[in-house]
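Undergrad: So you can see what is in the structure, the chains are spelled out below.
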Amino acid sequence: QKEVEQDPGPLSVPEGAIVSLNCTYSNSAFQYFMWYRQYSRKGPELLMYTYSSGNKEDGRFTAQVDKSSKYISLFIRDSQPSDSATYLCAMTKRNDYKLSFGAGTTVTVRA
Amino acid sequence: NAGVTQTPKFRILKIGQSMTLQCTQDMNHNYMYWYRQDPGMGLKLIYYSVGAGITDKGEVPNGYNVSRSTTEDFPLRLELAAPSQTSVYFCASSSTGEVSEQYFGPGTRLTVT
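Chains C and H supply the protein sequences, listed in that same order. Heads up: the first sequence runs through residues 12 to 122, numbered per my numbering. Heads up: the second sequence runs through residues 1454 to 1566, numbered per my numbering.
Just chain C, same shape as in the assembly (with noise of 0.2 angstroms):
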């Protein structure tokens, strides 16, 4: 078993669209979750992080935790088309600095 699963996709939307993407895992020492976006043939890029569970809210974008379950959340409000990347969930546990990645979804918003 993976230690972070990520549904691959590919999503594809809408442009005004509300996306949702998540991830699942395995080692309930995590305790910081972050989302990258990743645009092609670039690098990722930090989009959000949290600490333990709850919300967090930036802009457009919104992200969940839910350690209980093991299962984290990005939502994405009023998709537009400079939205279309890959989306990677990655975690760590509290004073560690390597990350452990989910595999990405790619998203495409259709204007």
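Simulated crosslink set (DSS-like; lysine-lysine; CA at most 30 angstroms straight-line):
(1) C:K67 / C:K78
(2) H:K1497 / C:K81
(3) H:K1510 / C:K78
Pairwise CB distance ranges (calculated):
(4) H:E1512 / C:L22: 20 to 28 angstroms
(5) C:D77 / H:T1566: 41 to 49 angstroms
(6) H:T1549 / C:P21: 31 to 39 angstroms
Source of the hints: derived by calculation from the structure; they are not laboratory data. We put the CB at the ideal spot given by N, CA and C, even for glycine.
Got chain C; can you put chain H on it based on the hints?
TA: Here is chain H on its own, set in the frame of chain C:
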């Protein structure tokens, strides 16, 4: 404001050849990492370093070597290239601290034939 730079951008190697992938960061980060990314597989950690002179193996180190003689540079060496090493390689760096964003370079696309 260069961040993390990687050279070359693309490379084609023949089986058995060797090469060094270069990585440099100008953010004075102590931590540096090498990942490989294969389609549908996410990022796998090859090697990492917590400072000059200190390196350690990640998840998939076989067939690779690293060195870290300065804070800025973290080259990755491939000896006796094999087709299984065809991948996109990313270098990243981060500062110390409890939650530290990893900054990634643009990647090197390597094909071994």
